[in-house]
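Colleague: Sequence:
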Amino acid sequence: MLGFQPYETFQLLIETGGVDRTNTLLIAACDAYARRGKPTIPEMEQFETLAGRLFPTAGPQARAKGAAILGRAELLSPKLEQLVIDNIGEDLIPFLEHAAELSDQTMIDVIARYDVPACATLASRPGLSNVVLAKLFQMNSRKVYRALAANTHIAPRGAYLSALARSAQMDHLVAEALGNRDDFDAALLAPAFFDLSDSHRLKVIHAFANRETPAAPISRTIEQISVASGELTKALMKLFSENRRPEVTRLLAQITGLDEVRCGQIAHDVTGASLFVILRAFGSTAYDGLKVLIHATSHDGERSGVLPDFATLFGGVSSESMAYLMSAWRGEVNLLELNKPQYQPFTQPSRRTPGLAPAHNPVVEQAIEALARIGARRAS
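Following our numbering, the numbering of the sequence shown begins with 5 at its first residue and continues without gaps.
Hint data in this document are derived by calculation from the structure and do not stem from the laboratory. It is possible that some hints are incorrect.
Each computed DSS-like pair below joins lysine-lysine, with the alpha-carbon atoms no more than 30 Å apart [said to hold, decoys possible]:
| hint | residue 1 | residue 2 |
| --- | --- | --- |
| 1 | Lys-139 | Lys-344 |
| 2 | Lys-207 | Lys-242 |
| 3 | Lys-83 | Lys-42 |
| 4 | Lys-147 | Lys-83 |
| 5 | Lys-344 | Lys-207 |
| 6 | Lys-238 | Lys-207 |
| 7 | Lys-147 | Lys-238 |
| 8 | Lys-139 | Lys-83 |
Given these sequences and hints, build the entire structure.
Modeller: Okay, here's the thing in structure tokens:
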């Protein structure tokens, strides 16, 4: 047996002992079941019958305590899981978080209650079935989507990928969580670019390296201006060197079609990531582009160290792909097209595949050294 008296004995005590006796019996029975280890099927069925009789007649505190004890059992049937969830009260979240196994039906019942904290806890669990995932993805809850985005046990494919990418556009915490993942295509975070951390912005740009992209709607406008890209970089370098960022904002608004608020963010982005996108989209070379970036970016040690990274990106990221990224900022493209085979990176990233190789163009390296000296003089 389970370590407690046969069902008939409990039944007699319930009928003759009142609520206090029922409370004591419930806690004792739940404790005995939890200590039993893995029960046999007959033992579980017997306890289901007993618990189904004890829980409704016990007091509120005893029900909550008994459910908390029962929740620590090694194995629960769906009926026992339901008894725990219905009676555990404030300890529901820890139970959902730490339960070794939960049936799909139990999780679906929790989701049906639209208890957002409980559903977010479920969304963090490993081993979720497609049935449960479909229910969670149907919830219109940022907290649930944040948990789904951070759950590396969920492979971002198909409809799940689309849902996560759309959510990232509306919630920067979802975007940041996806940016931390190696199995999510960072290029899909382009609409959330300005809400991302510095490192994740660079990760988005790197995701476009060695990659074909669909034609960008802004390409024709860029073609008309790119003829004078040298004049553009000279103008930007002069404005940044004189710290005339409001004028940079107006110039960017004229040539990119982005609103002035967004252009203001680019003009004041001391990381240089968003400005790199503009420069490369308009055809700037590493030599000319770095001249602008050295004046536009911060000169502290942490950020000035990204200049060699930008030099590498100028060689690995095409103007067409940055034009496409800029079109994503303008809301003109469907980024999910990048999932098509023809738009996958030429070299699939893996743990064994290094990133872009450092640029070894002597001209570029000389430019970096010269610009670094300029930055040092400006900072002193």
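Colleague: It remains to establish, for every hint, whether it holds in the given structure.
Modeller: Outcome of the hint check:
1. Lys-139 x Lys-344: 27 Å, holds
2. Lys-207 x Lys-242: 29 Å, holds
3. Lys-83 x Lys-42: 16 Å, holds
4. Lys-147 x Lys-83: Status holds; Cα separation ~28 Å.
5. Lys-344 x Lys-207: Holds: Lys-344 and Lys-207 sit about 20 Å apart, inside 30 Å.
6. Lys-238 x Lys-207: 28 Å, holds
7. Lys-147 x Lys-238: 46 Å, violated
8. Lys-139 x Lys-83: 21 Å, holds
Of the hints listed earlier, the one the structure fails to meet is number 7.
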